[in-house]
Amino acid sequence: MKLTPMIVLAALSVGTAAFAQDTARPAPTPEMQAARKAVMESCAADRETLCSGKEGRDAMACMRDNAAKLSAPCKDAMTKMRAAREAAPK
10 MKLTPMIVLA ALSVGTAAFA QDTARPAPTP EMQAARKAVM ESCAADRETL
60 CSGKEGRDAM ACMRDNAAKL SAPCKDAMTK MRAAREAAPK
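The opening position of the sequence shown corresponds to residue 10 in the working numbering, with each subsequent residue numbered one higher.
Hints are computed from structural coordinates only; laboratory data are not their basis. From a predicted model like this one, the values you see are computed outputs, not experimental measurements. Just so it is clear, CB atoms sit at the ideal spot from N, CA and C, and this is done for glycine as well. Hints may be right or wrong, so weigh each one.
Straight-line Cα separation of at most 25 Å, SDA-like style, residue types lysine to any residue; simulated pairs [as the list claims (entries may be wrong)]:
no.: 1; residue 1: K63; residue 2: P98
no.: 2; residue 1: K99; residue 2: S61
no.: 3; residue 1: K78; residue 2: T38
no.: 4; residue 1: K84; residue 2: D74
no.: 5; residue 1: K99; residue 2: A81
no.: 6; residue 1: K78; residue 2: P98
no.: 7; residue 1: K63; residue 2: A47
no.: 8; residue 1: K84; residue 2: E64
no.: 9; residue 1: K63; residue 2: M49
no.: 10; residue 1: K99; residue 2: K63
Just the calculated beta-carbon pair ranges, DEER-fashion [to be verified]:
no.: 11; residue 1: R73; residue 2: E40; range: 15 to 23 Å
no.: 12; residue 1: E95; residue 2: D74; range: 18 to 26 Å
no.: 13; residue 1: P35; residue 2: K78; range: 27 to 35 Å
no.: 14; residue 1: S61; residue 2: A96; range: 27 to 35 Å
no.: 15; residue 1: P98; residue 2: S61; range: 29 to 37 Å
no.: 16; residue 1: A53; residue 2: R91; range: 17 to 25 Å
no.: 17; residue 1: P35; residue 2: E57; range: 28 to 36 Å
no.: 18; residue 1: A36; residue 2: A77; range: 18 to 26 Å
no.: 19; residue 1: E95; residue 2: M49; range: 13 to 21 Å
no.: 20; residue 1: G62; residue 2: P98; range: 31 to 39 Å
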């Protein structure tokens, strides 16, 4: 009877460790960090105009949805960010 709580605790600890590994992401490369910064700077006006009130992933999705309406500097920065993401080690 005392073995059951030990089995439950062991199962929970293994599950927690597996979950922690699944959510871990590698640190962004310096190239990716620079590309993100360029997007933030180059696309600030576009984001405010086209995607007002959206943050983070929602803002990026909105900007991708409105790609034809983005300014040339913003389009260029988004292209460079995509290239940096594809070149990053996985």
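Each hint, compared with the structure:
Taken as a hint, the K63 and P98 pair is broken in the structure, with Cα atoms around 29 Å apart against an allowance of 25 Å. With a C-alpha separation of about 32 Å, the suggested pair K99 and S61 falls outside the 25 Å cut-off, and the hint is violated. Taken as a hint, the K78 and T38 pair is broken in the structure, with Cα atoms around 29 Å apart against an allowance of 25 Å. Taken as a hint, the K84 and D74 pair is honoured in the structure, with Cα atoms around 12 Å apart against an allowance of 25 Å.
Pair hint K99 plus A81 does not hold up; C-alpha atoms about 29 Å apart against a cutoff of 25 Å. Among the hinted pairs, K78 with P98 is inconsistent with the structure: their alpha-carbon atoms are about 31 Å apart, more than 25 Å. For the suggested pair K63 and A47, the alpha carbons sit about 18 Å apart, so the restraint of at most 25 Å is met. Taking the CA atoms of K84 and E64, the gap is about 18 Å. The hint holds against a cut of 25 Å.
A distance of roughly 13 Å separates the Cα atoms of K63 and M49; the hinted pair therefore holds under the 25 Å criterion. The straight-line distance between the Cα atoms of K99 and K63 is roughly 28 Å, outside the 25 Å bound, and the hint therefore fails. At about 20 Å, the beta-carbon gap between R73 and E40 stays in the expected band of 15 to 23 Å. For E95 and D74, the hinted distance range of 18 to 26 Å is satisfied, since their beta carbons lie about 20 Å from each other.
Look at P35 against K78: about 33 Å separates their beta carbons, and that is inside 27 to 35 Å. For the pair S61 and A96, the beta carbons lie near 32 Å from each other, so the given range of 27 to 35 Å is met. A hinted range of 29 to 37 Å holds for the C-beta pair P98 and S61, which are about 35 Å apart. Evaluation of the 17 to 25 Å hint for A53 and R91 yields a pass: the beta carbon distance comes to about 19 Å.
For the hinted restraint 28 to 36 Å between P35 and E57, the CB-CB distance of approximately 31 Å keeps it satisfied. Between A36 and A77 the beta carbon distance is about 33 Å. The supplied range of 18 to 26 Å is therefore violated. In this structure, E95 and M49 meet the distance hint of 13 to 21 Å, their C-beta atoms being roughly 20 Å apart. Roughly 35 Å separates the CB atoms of G62 and P98, a value that falls within the hinted 31 to 39 Å.
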